[in-house]
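Trainee: With the sequences and hints as input, model every part of the structure.
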Amino acid sequence: MPKLRASVIITTYNRAHLVSRAISSVLAATRPGDEVIV
Numbered sequence: 000m001p002k003l004r005a006s007v008i009i010t011t012y013n014r015a016h017l018v019s020r021a022i023s024s025v026l027a028a029t030r031p032g033d034e035v036i037v
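Going by numbering that gives the first Met the number 0, the sequence shown opens with residue 0, and the numbers climb by one from there.
Don't read these hints as lab results, they were simulated from the structure.
Please note: incorrect hints may appear among the correct ones.
Label pairs and their computed distance ranges (CB to CB) [claimed, not checked]:
{"no.": "1", "residue 1": "Arg20", "residue 2": "Met0", "range": "28 to 36 Å"}
{"no.": "2", "residue 1": "Ser24", "residue 2": "Lys2", "range": "20 to 28 Å"}
{"no.": "3", "residue 1": "Val37", "residue 2": "Met0", "range": "29 to 37 Å"}
{"no.": "4", "residue 1": "Pro31", "residue 2": "Pro1", "range": "13 to 21 Å"}
{"no.": "5", "residue 1": "Leu3", "residue 2": "Ser24", "range": "15 to 23 Å"}
{"no.": "6", "residue 1": "Lys2", "residue 2": "Leu26", "range": "15 to 23 Å"}
{"no.": "7", "residue 1": "Thr29", "residue 2": "Ile8", "range": "12 to 20 Å"}
{"no.": "8", "residue 1": "Gly32", "residue 2": "Tyr12", "range": "16 to 24 Å"}
{"no.": "9", "residue 1": "Asp33", "residue 2": "Thr10", "range": "14 to 22 Å"}
{"no.": "10", "residue 1": "Ala21", "residue 2": "Met0", "range": "26 to 34 Å"}
Virtual Cβ for every residue (Gly too), placed ideally from N, Cα, C.
Mentor: As structure tokens, this is what we get:
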């Protein structure tokens, strides 16, 4: 069975100060995404 891939898309508008927190949250997840799109 092929490995499933997961993409995480982070959308933001005028909230640049929250992007690093969102990325850290994705990377700390039990199964982090294979790609993160900001």
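Trainee: Just tell me: holds or violated, for the beta carbon distance of lysine 2 and leucine 26 against 15 to 23 Å?
Mentor: The hint (15 to 23 Å, Cβ to Cβ) holds, given that lysine 2 and leucine 26 are roughly 18 Å apart.
Trainee: For aspartate 33 and threonine 10, compare the CB-CB distance with the range 14 to 22 Å and indicate the outcome.
Mentor: Between aspartate 33 and threonine 10, where Cβ atoms are some 18 Å apart, the hint holds.
Trainee: Range hint 16 to 24 Å: satisfied by the CB atoms of glycine 32 and tyrosine 12?
Mentor: Holds - the Cβ-Cβ distance for glycine 32 and tyrosine 12, about 21 Å, lies within 16 to 24 Å.
Trainee: Is the distance from the Cβ of alanine 21 to the Cβ of methionine 0 consistent with 26 to 34 Å?
Mentor: 31 Å Cβ-Cβ, so the 26 to 34 Å window holds.
Trainee: Return holds or violated for the Cβ distance of valine 37 and methionine 0 against the range 29 to 37 Å.
Mentor: holds (30 Å)
Trainee: Are threonine 29 and isoleucine 8 spaced within 12 to 20 Å by their CB atoms?
Mentor: holds (19 Å)
Trainee: Quick check: does the Cβ-Cβ distance between serine 24 and lysine 2 fall within 20 to 28 Å?
Mentor: Taking Cβ atoms as reference, serine 24 and lysine 2 lie about 22 Å apart, which means the hint holds.
Trainee: Check the following: the C-beta atoms of arginine 20 and methionine 0 are separated by a distance inside 28 to 36 Å.
Mentor: 34 Å Cβ-Cβ, so the 28 to 36 Å window holds.
Trainee: Could you see if the CB distance from leucine 3 to serine 24 stays within 15 to 23 Å?
Mentor: With a Cβ separation near 20 Å, leucine 3 and serine 24 satisfy 15 to 23 Å, so the hint holds.
Trainee: Could you tell me whether the CB distance from proline 31 to proline 1 stays inside 13 to 21 Å?
Mentor: Cβ of proline 31 to Cβ of proline 1: about 19 Å, so the range 13 to 21 Å holds.
Checked against the numbered hints above, the structure breaks none of them.
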